[in-house]
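Asker: Sequence:
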Amino acid sequence: MEEKFYRHEYKHEISELSKQILMKRLRKLLPHDEHVIGTHYHISSLYFDNIEDEAYYDNQDGNAVREKFRIRYYNQNLNFIRLEKKVKEYNAGYKLSTMLTKDEAEKMIKGDIFFLKDSQDPLKQDFYVNARTKLLKPKVIVAYDREAFAYKMGNTRVTLDYNMKASNRVHDFLKPEAVMHRESDVACVLEVKYDTYLPGWIRELVQIAETTSCGHSKYMISRMLTT
Numbered sequence: 001m002e003e004k005f006y007r008h009e010y011k012h013e014i015s016e017l018s019k020q021i022l023m024k025r026l027r028k029l030l031p032h033d034e035h036v037i038g039t040h041y042h043i044s045s046l047y048f049d050n051i052e053d054e055a056y057y058d059n060q061d062g063n064a065v066r067e068k069f070r071i072r073y074y075n076q077n078l079n080f081i082r083l084e085k086k087v088k089e090y091n092a093g094y095k096l097s098t099m100l101t102k103d104e105a106e107k108m109i110k111g112d113i114f115f116l117k118d119s120q121d122p123l124k125q126d127f128y129v130n131a132r133t134k135l136l137k138p139k140v141i142v143a144y145d146r147e148a149f150a151y152k153m154g155n156t157r158v159t160l161d162y163n164m165k166a167s168n169r170v171h172d173f174l175k176p177e178a179v180m181h182r183e184s185d186v187a188c189v190l191e192v193k194y195d196t197y198l199p200g201w202i203r204e205l206v207q208i209a210e211t212t213s214c215g216h217s218k219y220m221i222s223r224m225l226t227t
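Residue numbers (full-length UniProt numbering): 1 to 227.
In case anyone wonders, no lab produced these hints; they're calculated from the structure. Small disclaimer: the values here were computed from a predicted structure and weren't measured. Treat the hints with care, as some may be off.
[Claimed, not checked] As a list, the in silico DMTMM-like pairs of lysine to aspartate or glutamate whose alpha-carbon atoms are at most 25 Å apart:
#1 Lys134 to Asp121
#2 Lys88 to Glu177
#3 Lys4 to Glu67
#4 Lys137 to Asp103
#5 Lys86 to Asp121
#6 Lys107 to Glu84
[To be verified] Now the in silico label distances, taken between C-beta atoms and shown as ranges:
#7 Lys4 to Thr227: 28 to 38 Å
#8 Thr196 to Lys137: 32 to 42 Å
#9 Asp61 to Lys110: 26 to 36 Å
#10 Ala209 to Gly62: 35 to 45 Å
#11 Lys117 to Ala209: 45 to 55 Å
#12 Lys102 to Asp145: 16 to 26 Å
#13 Gln125 to Val186: 33 to 43 Å
#14 Phe5 to Leu29: 17 to 27 Å
#15 Asn91 to Gly200: 16 to 26 Å
Ideal Cβ placement from N, Cα and C applies to all residues, glycine included.
Let the sequences and hints guide you as you build the complete structure.
Answerer: Next comes the structure, spelled out in structure tokens:
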């Protein structure tokens, strides 16, 4: 499991026109990150929540301290699946992750978590304790395309997420043909992430008329979309 590494993150909901403008601008001045194939990659995530939907309501209420677990894979590649815990603490946050096999992910989706009890991996142990004490269950699938750019100074990442879809048929998570509902209200989410500082020229680069920070949560919106 990775160490806690705090980062700042700002999100902005933008229009299709602004997405196209930013894509052209960013492609000229920033390199894509190492995971991009062509111009983008596809992300599939399965979010868990407890019996009281604590993660959902923490997002809805804008609580300063919150956390959520998810399973994630990229470009339909089931040989690279990760368990992740994302934690928000006031103006910064961190993400912990560890690898899962396809068999492990399938068991967790079905609620068969007892194999995690004796795991030597701290994050798997953490998930097991939360699943047992808070009754964590898989709640919603979230999938989207991401174009991501990286800059070494400040460990800065700029991402554009679009074609966002969701499904509450959680047992279909590892099936590429899973039926999804399109999120029609938000064309694109711009995210800017950095460590201790954001280079000024990148701050200026991403400025458009719509770039007002928001509390966009793909998890919360997808839960609303699939209810």
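Asker: Taking the CB of Lys4 and the CB of Thr227, does the distance hold inside 28 to 38 Å?
Answerer: Given range 28 to 38 Å: holds, Cβ gap about 33 Å.
Asker: 45 to 55 Å was suggested as the range; check whether the CB atoms of Lys117 and Ala209 agree with it.
Answerer: 52 Å, holds
Asker: Is Lys86 within 25 Å of Asp121, Cα to Cα?
Answerer: 17 Å, holds
Asker: Does the Cβ pair Asp61, Lys110 satisfy 26 to 36 Å?
Answerer: Between Asp61 and Lys110, where Cβ atoms are some 31 Å apart, the hint holds.
Asker: Indicate whether the distance between the beta carbons of Asn91 and Gly200 respects the range 16 to 26 Å.
Answerer: 19 Å, holds
Asker: Starting from the hint 35 to 45 Å, judge whether the C-beta atoms of Ala209 and Gly62 obey it.
Answerer: Distance hint for Ala209, Gly62 is violated at roughly 24 Å.
Asker: Measure nothing beyond the straight line between the CA atoms of Lys88 and Glu177; if it is 25 Å or shorter, mark the hint as holding.
Answerer: Distance of about 32 Å is beyond 25 Å: violated.
Asker: Hinted pair, alpha-carbon criterion (25 Å max): Lys134, Asp121. Please report holds or violated.
Answerer: This hinted pair holds, its Cα atoms lying about 20 Å apart.
Asker: Is the straight-line distance between the alpha-carbon of Lys137 and that of Asp103 25 Å or less?
Answerer: 17 Å, holds
Asker: Does the hinted range 16 to 26 Å hold for Lys102 and Asp145 at CB?
Answerer: 23 Å, holds
Asker: For the pair supplied as a hint, Lys107 and Glu84, is the alpha-carbon distance within the 25 Å limit?
Answerer: With a Cα-Cα distance of about 16 Å, the restraint between Lys107 and Glu84 holds, given a limit of 25 Å.
Asker: Could you check the hint for me, namely that Phe5 and Leu29 are 17 to 27 Å apart, CB to CB?
Answerer: 26 Å, holds
The structure fails hints 2, 10 (numbered hints given earlier, in ascending order).
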